Amino acid sequence: MEVDSDYKILNLYRIREYDKCLKLCDMVLQNKNDRMIEYIRMRAMTIQAKVAGNGYEEVNYFPTQDDLVSTTVAKTPRQGTSFQRNIKTAQFTEGAQVTGTSVSRSGTNTARVRTARTALHTAARASRAATALAVGSTFALDAPIALRLLDRDDKLFIPASKTLFEYVYYCEGNVRKAMEVAFQAQKIADTSDWWWNFSLARCYESLGVYRNVEECLRKSLNQNKHILIYLRLIAMYVSINQPLSALDVCKQGLSVYHEYTPLLLEQARIHEQMGNMAVAVKYYRMVATEDPSCMEAIANIAMYNFYNDQPEIALRYYRRLLATSPSGPEIYNNLGLCCFYCNQWDLTLPCFRQALYFSVNPETRSNIWFNLAHVALSTGDMALARRCLLASVAISEYGPARSALRVLDIRLRARKNDVNQ
Amino acid sequence: MSIFKIQQWWSNEKLQSEEYMDGIQNESCIIVDKFNSHSESDLIILGQSSLMKIYKPLVDQNESHIILETQLDDVVLQIKTGKFLASCADRQILILHPNSYAIYLLEKQDGHAGVGDQNIITPVIKHSFTRRAHSTTCGPFGNSKSRDLICIQALDGTLSIFDQDTFLFMCIFNDIIIPGPINYVATSDLFIITKSTWILEIYSYQQLCEFSELSMRPNKNNTRIPQWTYNAGEEIMSIQVIRTSTNFASIIALGERHLYCFQDNGLMKYIIRFDYIPICFHAYLIGWYYEPNSRLLVMVTSEDAKLYVYEATTLLWSCDLAHKAISLSRCFLSSLPGGLLTLSNNGIVNVSYLGTEPDLNPNAIPINEAFDPKQVQDDLEKVEESLQKIMDAKEGLDEHDMDTEDIIKIKLECGKPARNIFSQFEIENAVEPLQTCPVIVVITCEDPKNVQSLQITYDCIPPLISSETTICLDTINGTEIVETYIILSGDADISESRINIKFTVTDNMGKVKVLSKSTLLPLGLYCYPLEAVEENSYQMTIETNQTKLDLTEILSDFSKEELASYISNDTLTFAYRTSQKTVTIKAYDNNMYRIEANEVTEIAPMLNHFVQRLEDHYKRIDVAEFEMNVGINGEIIRQIMHKFLKSVELHARQRVKLKDLEEELNVLQRQFTLIQKRLLVQYGSLPPGDCDPLEFLMKDTHERIKTVAHEIMESKNCVVRAGNTMRTIGSLIVYILKEAVSDHLKVKLIEEMLSLETLNGHFQEWEEAVAQVSSYILNKILKKSEKDKEKLAPVTDQDILSQTNLKKLLKQLRVILEKVFFNVQETATDEGKGNITRIEEFVEVI
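In order, the protein sequence lines correspond to chains A and B. Just so we're aligned, residue 1 is where the first sequence starts under the UniProt record's numbering, counting upward by one. Just so we're aligned, residue 1 is where the second sequence starts under the UniProt record's numbering, counting upward by one.
Hints listed in this document are in silico derivations from the structure and should not be mistaken for laboratory results. The structure displayed is predicted, hence computed values, not measured ones. A couple of the hints might just be wrong.
Chain A regions said to be covered by chain B (calculated; three or more residues, Cβ under 8 Å) [claimed, not checked]:
1. 35-41
2. 178-186
3. 214-227
4. 257-268
25 Å max Cα-Cα, derived DSS-like pairs, lysine-lysine [unchecked claim]:
5. K409/B to K502/B
6. K219/A to K269/B
7. K416/B to K219/A
8. K389/B to K502/B
9. K187/A to K195/B
10. K646/B to K716/B
11. K145/B to K126/B
12. K374/B to K389/B
13. K659/B to K716/B
14. K195/B to K225/A
15. K324/B to K23/A
16. K738/B to K619/B
17. K269/B to K251/A
18. K177/A to K677/B
19. K32/A to K20/A
20. K677/B to K219/A
21. K748/B to K502/B
22. K659/B to K517/B
23. K808/B to K819/B
24. K416/A to K389/B
25. K677/B to K706/B
26. K811/B to K659/B
27. K145/B to K225/A
28. K513/B to K502/B
29. K225/A to K251/A
30. K20/A to K306/B
31. K324/B to K20/A
32. K324/B to K155/A
33. K807/B to K643/B
34. K416/B to K646/B
35. K748/B to K517/B
36. K34/B to K5/B
37. K807/B to K819/B
38. K409/B to K517/B
39. K517/B to K619/B
40. K177/A to K195/B
C-beta atoms are modelled at their ideal positions from N, C-alpha and C, and glycine is treated no differently.
In isolation and in its complexed conformation, chain A is listed as follows:
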């Protein structure tokens, strides 16, 4: 006996089989008009676009550096109140090791976190909605009939408005229209709904109007202390480069949600970006005890231990990561470095070999060769070190390898001169 297609659609929607659901919806909607199916179709499209455009990540780190934005803060903030740190000194004093970490960092985050970070870094900050549109939707974007015909005096407007808003915002990428929906809904619904203020904040954020974002988020926080609002507030402060305010919000949030992982994680990230690694690690540890599967926390603890001259402990963390996460070049690179500092010579080179085997992008490859040069240098094999550096430079010119190579050449020449004299 055949199950009716509207039940099938409902079931597929409930079990999150959106692709199949959309296919069936399209088929059904060709023959008849059904309000419920149309709304399910809208929801399914929205959720797909949301997933593709990282709409569920409330926090995305990329401080805006737009000169023309009149809402940004002072260019020369007081010491310790912003993310602008002098990285130069660290690079020059610590020398070879530093690159090792920068690799390890980006790499040991989970695949998911990595996409959230890097993909969005490259995408334009301007409109998340728009990026969602660009990345995700392969389906035809013909607006559903309901969206065109639904009047705001319709008694269905209020129940439908949230669905409509998300559809317009994520699928059509039309922030202006989404805001219109939000305003109308706010006007008609007499009760105050935190979600509308929150959504308006999303709109304002994609327009880059940060003052309004803050206002809206604060308003909606007064209505409901939902975790989403805290996360968005933090993200907003981070993106306008006000880490202290962000930390303040973290504290407020933590007083409502005690020891809550997402908030702790944000706090740790902010401290880390500000350079307070020791404090950050404290929070990362808290996250790891709450959620032992959190790759980011474990990777950061490992990195902290590594730079804290405890490579053995770092090694254990990295080995756990290797066991639980999909293996990549960065994890092997870090393992290699740890083995090297633990004097486990027999494992060092195999680890790096694995790293090279897995690496695909030139920057990573170049960095791995650079680290290999470091290993070679400490065994005293200058020729090998030079060769590794050459390989690094050959793969990607923009690493630290170039200057290292120059220094090494000068050294070699000086030594030759000494010998000659």
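Given chain A's structure and the hints, the job is docking chain B onto it.
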């Protein structure tokens, strides 16, 4: 995320016979419960399309696991168990169909003579209704002691309450578009209803009774105030109620990315935020609800087939599920207490348990090819050797390298100037050509294999434009003929009578060589003959050691007939096509020529052209001992110099003007963006603010931007014109220097200092560059006194283009030029001595 994998214990995969259709099952199509007839183990009741199957998983593979399989007369939407009949002791099975529900009783009959048991279901109640059903919930509504009542949610969100087979009442909600889960809390007699506004609303059964269509009075204001609500802000996908203490139950709701846990009085216990897409969950209690230390655990499955177990927000366990599950629950089987029951998205029921055997390095594929260090060493040495060979060979290669000139022979030729040959270009680039002239490059290559690729770059100085700036030839076969057009347009002075063409040759070794060729442009491109003009204020004489020639013979670009009508007394006048100014050439005495013009700028290109022509002519007729001398007197030099400095000043002035305009444009542009932004905020504010003043401002700014942009374009033209004038005079000065001053070093120095060819390059500003060089020359080469140095040193805190610095630059230039011209002439006698010191100075410069 975990090293653990779930361990499978039982599956119905082999029992599945029919083909599975997508979307016929959902979370509530499966239920686990215990029945009196099978008291030793839980039974699994599964609805699949219109089939109902009851399983009893066993360890023994040989025994039948399936208790019953029956075809029902309609599609199964949901299965529930409960005590719907007061009279019956055992629990009954409630099956929801789209337009009816049926209650069945499961009975076991012992087989005869121990052959086996027989299980049958007997329908007890069947009731149909008209509104198509979506889901059901049941329980002792209104504290009914004896039996459970049934609540059915229709597809439009309407709730209908039934008692056994009696319809009690119906509630209509008009804010449900997509029906969500509904649930009943037995401890406090509450209904949880999910609305399309993404708000959870909790009503008591009493309230629902009052809302019912039957008791609703038409005049009553039908506002429904729920007991409590929660605005989750996302769609709630499923809800579970679990009794956690004697007085309270916990309500657990799963949204798109969050899991909410409430007490039934509305107190929020916690939220879990997932960073994965959750599909379904199951909450269970360890211990009994009346025990104080019972623990509430929640299992969640994710889209990527992982299982997570949480206690409050803490993650206790996570493992791989091996298949995507759409339903999750716990079952207590006779041989597996506390098994995990999952329904996968292809209809397969699995019973499994959390294994603890870790799978270390599950996804690492190590490279294990063994290698022989000796072999590697050998390979490395081989590579090193060949590398060394290449390094050694490099020096050898350079010697044997064939000269590019040998490989490629290049011939340049200019065609006859004409008007409008090339109208295509004119349309595309919106220039009005005054005259065009074809340039033909003939490249012959004896062995085409020696050349990989060739690039031709045309270097023209406005007002001359080339129709193509670069041409790339990827393959060359024997002879290549490339024809381009040189176009004259605009109204600037002609500053260069030659065209430079650069050839970048990549040979078969990958080496890149650059050849530079230049050719004289035909006079007809930029001049035309005119009636002779006798009176001219500037003149320059050229003295040769040969008898004078007929002017028509020298200027062979024009035919004799063309010039015949204009020539008189060996005097010929030309006018420039761009500026319409005239220049006159006279041949007089026996061996003298004179070039005359009213402006210095007019002399230079004609002088260059004429001298070149003379040389060419004598070369052609093979006169070896041809010499010529350009006679210049001091006065004219002074005048030229004066003109030059004036032109530099003008150029700088024009640049300052351009800079001001650009700055203005910058400001206007910022202003425009700001206004736009404000306007956007106005549009967006509630209610929309008054936009008219801002719109006016925006339009006004736009107008101003347009005007400034036009002015900038004009100003740019002015700069180019001034630059051309400067360049023309500058090149004349350099030419005169070459003629007048025998000290080649100094001439070279001045030529390099003026670096006139950088004028049109966009990478460097002329004044800034020259200021640096001139002050260096002044300080280091000409050894001025300290006082002079101070006087002439540019003010460092200001731009080179600023008033004071520009004055200083002009002064410096004058000092240098005067020094070179006059001091050298005066001290010509002790030149020998001076030369040595100057060479030393030059070494210093380098």
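How the hints compare with the structure:
1. Counting residues of the region 35-41 of chain A whose C-beta lies closer than 8 Å to any C-beta of chain B gives 4; at least three are required, and the coverage claim holds.
2. Proximity of the region 178-186 of chain A to chain B, defined as three or more residues with a beta carbon under 8 Å from a beta carbon of that chain, is established by the 3 residues found.
3. Counting residues of the region 214-227 of chain A whose beta carbon lies closer than 8 Å to any beta carbon of chain B gives 3, which meets the minimum of three for the stated coverage.
4. Given a C-beta distance limit of less than 8 Å, the hint that chain B covers the region 257-268 of chain A holds, as 5 residues qualify and 3 suffice.
5. Taking the CA atoms of K409/B and K502/B, the gap is about 13 Å. The hint holds against a cut of 25 Å.
6. For the hint linking K219/A to K269/B, the alpha-carbon distance of about 23 Å falls within 25 Å, and the restraint holds.
7. A distance of roughly 79 Å separates the Cα atoms of K416/B and K219/A; the hinted pair therefore is violated under the 25 Å criterion.
8. Distance hint between K389/B and K502/B is unfulfilled; the C-alpha atoms sit about 34 Å from each other, more than 25 Å.
9. Of the supplied pair hints, the one linking K187/A and K195/B holds, its CA atoms being roughly 20 Å apart against a limit of 25 Å.
10. Taking the CA atoms of K646/B and K716/B, the gap is about 19 Å. The hint holds against a cut of 25 Å.
11. In summary, the hint linking K145/B to K126/B is supported, as the alpha carbons are separated by about 22 Å, within the 25 Å threshold.
12. With a CA separation close to 22 Å, the supplied pair K374/B and K389/B stays within the 25 Å bound.
13. Proximity of K659/B to K716/B is assessed by CA-CA distance (about 10 Å); at most 25 Å being required, the pair is judged to hold.
14. As the CA atoms of K195/B and K225/A are separated by approximately 21 Å, the hinted pair is consistent with the 25 Å bound.
15. For the suggested pair K324/B and K23/A, the alpha carbons sit about 20 Å apart, so the restraint of at most 25 Å is met.
16. About 21 Å separates the Cα atoms of K738/B and K619/B, which keeps this hinted pair within 25 Å; it holds.
17. Restraint check for K269/B and K251/A: the C-alpha separation of about 19 Å stays at or below 25 Å, so the hint holds.
18. Proximity of K177/A to K677/B is assessed by CA-CA distance (about 17 Å); at most 25 Å being required, the pair is judged to hold.
19. About 19 Å separates the Cα atoms of K32/A and K20/A, which keeps this hinted pair within 25 Å; it holds.
20. Proximity of K677/B to K219/A is assessed by CA-CA distance (about 23 Å); at most 25 Å being required, the pair is judged to hold.
21. Only pairs whose Cα atoms come within 25 Å are accepted, and K748/B paired with K502/B is accepted, the gap being roughly 23 Å.
22. Note on K659/B and K517/B: the hinted pairing is violated, with a Cα-Cα distance of about 36 Å set against a maximum of 25 Å.
23. Annotation: proposed proximity of K808/B to K819/B holds, straight-line Cα distance about 16 Å (limit 25 Å).
24. Distance hint between K416/A and K389/B is fulfilled; the C-alpha atoms sit about 23 Å from each other, no more than 25 Å.
25. Between K677/B and K706/B the CA atoms are separated by roughly 20 Å; this keeps the pair inside 25 Å, and the hint holds.
26. At roughly 23 Å between alpha-carbon atoms, K811/B and K659/B fall within 25 Å of each other, so this suggested pair holds.
27. Between the alpha carbons of K145/B and K225/A the distance comes to roughly 40 Å, so the proposed pair goes past 25 Å and is violated.
28. Among the hinted pairs, K513/B with K502/B is consistent with the structure: their alpha-carbon atoms are about 10 Å apart, no more than 25 Å.
29. Note on K225/A and K251/A: the hinted pairing holds, with a Cα-Cα distance of about 13 Å set against a maximum of 25 Å.
30. Between K20/A and K306/B the CA atoms are separated by roughly 21 Å; this keeps the pair inside 25 Å, and the hint holds.
31. At roughly 15 Å between alpha-carbon atoms, K324/B and K20/A fall within 25 Å of each other, so this suggested pair holds.
32. A threshold of 25 Å between alpha carbons decides the hint, and for K324/B with K155/A the separation of about 39 Å lies outside it, so the pair is violated.
33. This hinted pair checks out: K807/B and K643/B have alpha carbons roughly 15 Å apart, not beyond 25 Å.
34. For the hint pairing K416/B with K646/B, the CA-to-CA distance comes to about 36 Å; that exceeds 25 Å, so the pair is violated.
35. Of the supplied pair hints, the one linking K748/B and K517/B holds, its CA atoms being roughly 21 Å apart against a limit of 25 Å.
36. Using a Cα cut-off of 25 Å, the hinted pair K34/B and K5/B is violated, with the two alpha carbons roughly 28 Å apart.
37. With a C-alpha separation of about 18 Å, the suggested pair K807/B and K819/B falls inside the 25 Å cut-off, and the hint holds.
38. Proposed proximity of K409/B and K517/B is supported: the alpha carbons are some 11 Å apart, at most 25 Å.
39. Taken as a hint, the K517/B and K619/B pair is honoured in the structure, with Cα atoms around 19 Å apart against an allowance of 25 Å.
40. Proposed proximity of K177/A and K195/B is supported: the alpha carbons are some 24 Å apart, at most 25 Å.
Violated hints, listed in ascending order, are 7, 8, 22, 27, 32, 34, 36; each of the other numbered hints is respected by the structure.
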